[in-house]
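Student: If you're matching positions, the sequence shown starts at 6 in this note's numbering and goes up one per residue.
Just so you know, not all the hints are guaranteed correct.
What the hints assert, rightly or not - Derived lysine to any residue pairs resembling SDA-like cross-links, with alpha carbons at most 20 Å apart:
1) Lys30 with Pro118
2) Lys30 with Tyr104
3) Lys30 with Leu80
4) Lys30 with Thr91
5) Lys30 with Gly116
6) Lys30 with Gly115
7) Lys30 with Ser84
8) Lys30 with Ala77
9) Lys30 with Leu48
10) Lys30 with Leu101
11) Lys30 with Leu97
12) Lys30 with Met41
13) Lys30 with Cys86
14) Lys30 with Asp102
15) Lys30 with Glu40
16) Lys30 with Glu122
17) Lys30 with Ala100
18) Lys30 with Thr103
19) Lys30 with Ala96
20) Lys30 with Arg94
Just so you know, the hints here were simulated from the structure itself, not pulled from any lab data.
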Amino acid sequence: MTAAPRFHEDTVAARNVPPMRPISKAFRARQVASEMTSDGLALCGGRGDWWSQQEAAHDQAPTAHEAAAAAAPALRLCSRCPETGTDGRCALRAALDTYTGLAAGQAWMGGRPRPVERMARSTSAAQSLAR
């Protein structure tokens, strides 16, 4: 009986093939978005215009109280969604995609969760995010 080949003798590396690059965050974010779209579990699916209006109202709210009130309809939808939660795909996508807006039942700024009741960001901050 012959011994099983050692790992390095029967691998891609032994055949002088360069190693695969690590998966990029942007690629993984697109992959998660595609999975969410294809399985149709996300309750926000097909509500892009409505969702954009909710996010705009939240972003433009002049006070913390008004920001929370503006986000409430979207957060109610999130509360019933199977994709919501800190370990759900919606939060994963928001983090990977450095998302700014409402997702996974909370507000996000640059891919990090933040309080929904925050004060509206300044125009200069909004302009730098658009670049």
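Student: A separate judgement is required for each hint: does it hold in the structure or not?
Tutor: We went through each hint and held it up to the structure:
{"no.": "1", "hint": "Lys30 with Pro118", "in the structure": "17 Å, holds"}
{"no.": "2", "hint": "Lys30 with Tyr104", "in the structure": "12 Å, holds"}
{"no.": "3", "hint": "Lys30 with Leu80", "in the structure": "26 Å, violated"}
{"no.": "4", "hint": "Lys30 with Thr91", "in the structure": "18 Å, holds"}
{"no.": "5", "hint": "Lys30 with Gly116", "in the structure": "11 Å, holds"}
{"no.": "6", "hint": "Lys30 with Gly115", "in the structure": "13 Å, holds"}
{"no.": "7", "hint": "Lys30 with Ser84", "in the structure": "26 Å, violated"}
{"no.": "8", "hint": "Lys30 with Ala77", "in the structure": "29 Å, violated"}
{"no.": "9", "hint": "Lys30 with Leu48", "in the structure": "24 Å, violated"}
{"no.": "10", "hint": "Lys30 with Leu101", "in the structure": "5 Å, holds"}
{"no.": "11", "hint": "Lys30 with Leu97", "in the structure": "10 Å, holds"}
{"no.": "12", "hint": "Lys30 with Met41", "in the structure": "16 Å, holds"}
{"no.": "13", "hint": "Lys30 with Cys86", "in the structure": "24 Å, violated"}
{"no.": "14", "hint": "Lys30 with Asp102", "in the structure": "7 Å, holds"}
{"no.": "15", "hint": "Lys30 with Glu40", "in the structure": "15 Å, holds"}
{"no.": "16", "hint": "Lys30 with Glu122", "in the structure": "28 Å, violated"}
{"no.": "17", "hint": "Lys30 with Ala100", "in the structure": "9 Å, holds"}
{"no.": "18", "hint": "Lys30 with Thr103", "in the structure": "9 Å, holds"}
{"no.": "19", "hint": "Lys30 with Ala96", "in the structure": "14 Å, holds"}
{"no.": "20", "hint": "Lys30 with Arg94", "in the structure": "14 Å, holds"}
Of the numbered hints stated above, those contradicted by the structure are hints 3, 7, 8, 9, 13 and 16, listed in ascending order.
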